[in-house]
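Q: Here is what each chain is made of, one letter per residue.
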Amino acid sequence: MTGWIGAALPRKEDRRMLLGRGRFVGDLTRPGLLHAAFVRSPHAHALVNKIDGTAASQAPGVERLFTAESLGCPYLLAMLERDEFVPTAMPILAGEKVRFVGEPVAVVIADDAYRAEDAAELVEVDWDPQPAVASMETATAAGAPRLHDHGNCLVDLLMFDDDRLPEIFAGAAVTVSATFSSARVAALPLEGRACLAEWDDRDDQLVMHVSTQVPHQVRSGVAQALGLPERSIRVIAPDVGGGFGLKCVVGREEVAVAAAALRLRRPVRWTEDRQENLTAAFHGHEQRYRVKAAFSQDGRILGLDAEIDCDTGAYSVFPFTCAVEPLMAATELPGVYKVPAYRARGRAIATNKAPAAPYRGVSRPQIVLVMERLMEKAAAALEIGPLQVRRANLIGKHEFPYTGVNKITYDEGSYRESLDLAEQIVTEKAWAADRDRLRSAGLRAGIGYACFSERTAYGTPTMSQRRMRMTPGYDTALVRMDPTGEVIVTTGTCGHGQGHETTFAQIVADRLGVHPGQVRLRQGDTDLASYGWGTWGSRSVVIGGGAAGRAADVVAGQLRKIAASQLEASPADIELAEGVARVRGDDHASIPIPELARLVHFQAHRLAEDLRYGLEARATFDPPGTFSNACHVAMVVVDPGTCAIRLRRYLVVEDCGVVINPMVVDGQVRGGVTQGAAAALLERVRFDPEGQPVSATLMDYLAPTAAEMCAVDIVHLQTPSQFSETGAKGMGEGGTIGAPAAVLGAINDALSDTDVRFDHIPVLPQDLSAALNQAGAVP
Amino acid sequence: MKPAPFAYHRAHSVAEAVALLAELGEEAKILAGGLSLVPMMNFRLARPTALVDVSRIDGLSYLRADAADAAGLRIGALTTHRTVETSRDPAVLNGFGVLPRSARWIGHYPIRSRGTFGGSIAHADPASEWCLLAVLLAARIMLTGPDGQRTVPAADFFEGYYSTAAAPDEMITEIWFPEPAERAALTEFAPRQGDFAVVAAAVSVDVADGVCRSGRVVLGGVGPLPVEVNADPLSGQPATAATWQAMGEHAAGQIDPPDDAHGDAGFRRRLTATLVSRALAEASQPGDEVQA
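Residue numbers (my numbering), protein chains in the order written: chain A, 1 to 779; chain B, 1 to 292.
Rather than coming from a laboratory, the hints here were simulated on the basis of the structure. No residue lacks a Cβ here, since even glycine has one placed at the ideal position from N, Cα and C. Hints are supplied without guarantee of correctness; some may be wrong.
Covered stretches of chain B, as calculated for chain A (at least 3 residues, CB under 8 angstroms) [claimed, not checked]:
1. 2-16
2. 258-265
Straight-line Cα separation of at most 30 angstroms, DSSO-like style, residue types lysine-lysine; simulated pairs [unchecked claim]:
3. B:K29 - A:K50
4. A:K97 - B:K29
5. A:K292 - A:K338
6. A:K50 - A:K97
7. A:K97 - A:K12
8. A:K292 - A:K429
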């Protein structure tokens with residue numbers, strides 16, 4: 001190995017992105033391209049009596065209008081093989097009933113995107129509005145209007161139920177009971193959803209360019225919805241401008257555009273606008289936890305009981321289903337703490353809102369917030385330090401592999417070490433003195449901690465426990481060397497801003513002894529790659545990169561054998577480095593790798609039979625999953641006059657095992673912390689009681705900008721994972737997971753002179769103002 | 001989020017713009033920087049049948065002192081926020097320094113580079129910095145129409161949310177600030193840097209020998225137009241923090257602000273008390289005068 005792993009290599013992707021030469025769906029042009037505009041419901045809940053498209057069909061430039069009926073009522077069906085699961089088929093276009101504002105009932109195909117939108121306005125729909133369910137409280141009330149025939153509870157899972165809990169609570173020194181909640185958020189990728197579908201007569205295939213995280217699942221979804229063999233669809237994800245989970249599920253619009261292109265045999269494009277993205281795409285993150293925890297006098301947690309409700313919106317998303325949030329939450333709530341007795345019930349509640357998709361972190365932002373708040377509440381009740389309570393419960397270094405009450409086995413991490421180091425840095429940098437100085441100047445200031453781990457890179461051994469009909473997890477890579485010694489890697493993972501072209505090249509380059517510049521990653525194309533599961537769940541570098549590493553090892557073995565035959569040495573003595581194969585310890589016995597590649601391809605007859613035709617290999621990786629961990633510390637300042645809450649300092653001590661590229665890791669951490677801090681301070685998708693969205697623009701849905709952030713200091717610990725080819729652990733979500741709890745802790749610390757404490761996010765200035773007024777606190 | 005169909009006309013002079021407006025009727029709109037109008041058109045909340053683009057008209061971008069015998073400042077309608085913000089003209093800084101100082105509250109750099117002073121006044125957002133300052137400094141809005149020019153005092157110009165005294169065939173050509181205000185300040189609260197203010201406070205004070213002789217307070221975000229509140233408690237009081245705080249509380253007690261997603265009435269009252277007090281403290285500091 002020549003040590004490209006760990007190098008802060010500038011991203012290969014950056015040049016084209018910075019020059020504006022990326023290729024996104026919106027950059028594609030086709031002769032005769034048609035444009036789609038959707039007719040969407042203005043009602044949260046209504047029956048559709050009649051759709052009259054006469055005027056729209058006759059509008060200038062209109063090629064065709066499709067409704068559910070004219071498309072043959074296709075739908076997407078996500079399935080969980082569990083009795084407690086209620087399937088909800090999501091129609092591609094709603095035919096009889098709409099279940100949220102923005103749900104599509106028709107699509108206009110026209111020669112121009114403006115004319116398509118003009119014509120969509122002319123479609124007349126006879127609606128029969130029904131009472132709407134805009135919250136979980138309304139949805140679960142007796143006599144509530146039903147979204148689906150079976151009722152509004154789509155999943156109700158009692159995951160753990162320890163019968164010792166009543167006794168434990170009866171004998172505990174302290175019992176903490178609280179309700180925690182988090183608002184609905186939008187993933188808000190810079191590029192909204194987009195797709196272009198076109199029929200290819202030569203390949204007898206529908207070719208779709210889609211802004212997606214999961215090209216193969218889009219192919220499966222379109223194939224299932226339209227009754228086609230998967231071969232007859234090719235999905236290509238070109239450059240994709242972010243996803244954050246919004247694009248790891250299949251959108252009905254993508255299927256509708258595919259159907260239109262199939263019917264019309266013309267290329268059709270749809271580009272989601274920001275209003276559609278905020279109202280009619282997918283949301284997530286709206287959860288409520290009613291929790292009870294028992295603690296001993298010295299701060300050890302003795303028992304934990306949680307009722308978890310997730311607002312899943314109108315439908316299950318394909319392929320993950322509405323169970324993704326409650327299952328994750330109920331399974332992983334104990335987190336980094338040793339919880340001896342546990343009960344957890346998780347429910348998915350349907351409401352008249354856009355469906356919930358997995359959002360960066362999936363329930364971990366909430367469960368970390370819940371556990372950290374429990375530690376702080378116990379500390380307050382027991383009058384001991386909150387870090388002391390955490391230390392009393394953290395899984396220690398010598399306890400790994402640790403199997404928890406939730407039957408999860410945690411691989412080795414640095415749970416205590418990351419907290420110790422974070423506290424040491426906070427002390428060295430005099431955070432407390434800074435806080436006290438601000439306080440004496442009349443401001444409110446506070447410091448909050450969050451300790452957590454996150455399971456990343458879930459393979460099928462873990463995913464199968466969810467019992468999804470489509471169980472994801474593995475991925476396959478193909479590594480080939482061409483006659484000039486350049487390397488092409490294809491994977492089923494699908495980077496959309498994570499820098500995979502760089503990090504995968506680093507992994508493969510080390511194994512083949514070439515420069516990362518000679519390794520080209522081809523991803524996001526279902527015709528190029530073996531069936532794979534795309535990029536989400538912090539899986540790609542571990543699983544896709546692991547598969548690429550394994551395949552590269554096979555190719556490296558082929559190179560060694562060929563080099564050994566030319567250098568009259570044993571393959572075991574051949575090392576590949578700096579572009580040459582050489583006999584270890586003999587500087588004069590070497591052969592350039594491109595020369596080996598040339599031999600294999602152009603002079604195969606000169607090689608022994610078992611060495612011919614090689615230099616390519618396919619490998620699959622399917623790990624159980626590996627736990628990254630971190631400790632976040634946040635400091636906020638509250639302006640008592642305006643109740644403005646500003647981040648002042650932020651520290652991340654994180655451990656994602658072997659760091660492949662520190663610049664990429666730091667970028668992921670900073671972006672994640674920003675998103676997580678915004679969930680605590682700014683972001684909230686709101687609806688009125690009738691289910692009308694009231695945060696449908698970027699003036700109302702507040703995304704963070706650089707001006708709202710402070711510098712984020714990042715320190716790496718490296719505990720390699722035994723479950724990973726490279727020792728790396730997934731790390732795409734950790735920033736988002738830890739930040740809400742750390743920021744909320746800091747806000748509560750800033751309010752420590754009052755009785756006001758918050759157990760929900762976001763905490764907005766107006767909430768703080770009202771709470772301080774109510775508590776009679778001096779501003 | 002694409003606008004409904006409309007016709008586009010480019011005017012090359014004020015006379016041509018006014019003639020086009022008269023010809024195209026009430027459903028035509030003036031397009032200047034487009035920062036407010038174009039998003040509303042994209043949401044199809046505004047559906048003008050025609051746009052008259054005035055952005056290429058020469059001679060409407062300026063900050064100009066009155067003639068020697070007067071102390072006022074004239075701002076051309078097409079002057080961008082950024083031009084005001086970066087002005088180092090002593091005629092602006094001496095007496096009207098509150099204008100460049102306040103420009104930094106307007107949106108972000110690209111917005112300030114395109115948005116125009118006249119456009120903000122015409123749009124009449126009740127939280128707009130220029131609308132508040134126009135009222136505070138008793139500016140006069142110069143309108144040009146088919147029958148020539150007329151001026152309207154800012155206090156009479158704003159009639160409600162996004163509604164003004166300008167007729168459909170009139171165009172704002174200049175905003176005249178007749179009197180300097182050495183001691184004036186604007187401050188505001190927005191959830192993020194560059195957002196529309198939840199509450200904005202613009203104030204001016206007349207302080208001599210440590211005593212406040214008089215002052216004015218105009219608030220944004222607390223009603224359908226800039227709201228001037230009674231500022232009598234300032235008169236004759238020492239120029240101290242206690243006086244500014246008392247005025248802040250007095251201002252908060254006079255308003256009946258709206259509830260919306262960014263703040264309920266109670267929050268807006270808290271903000272008003274704080275921001276008025278802070279703006280007064282800032283205004284009472286000696287100005288940054290510049291010698292020519």
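Q: Indicate, hint by hint, whether the structure satisfies it.
A: Consistency of the hints with the structure:
no.	hint	verdict
1	2-16	holds (count 4)
2	258-265	holds (count 4)
3	B:K29 - A:K50	37 angstroms, violated
4	A:K97 - B:K29	40 angstroms, violated
5	A:K292 - A:K338	16 angstroms, holds
6	A:K50 - A:K97	11 angstroms, holds
7	A:K97 - A:K12	48 angstroms, violated
8	A:K292 - A:K429	36 angstroms, violated
Hint check: violations occur at hints 3, 4, 7 and 8; the rest are consistent with the structure.
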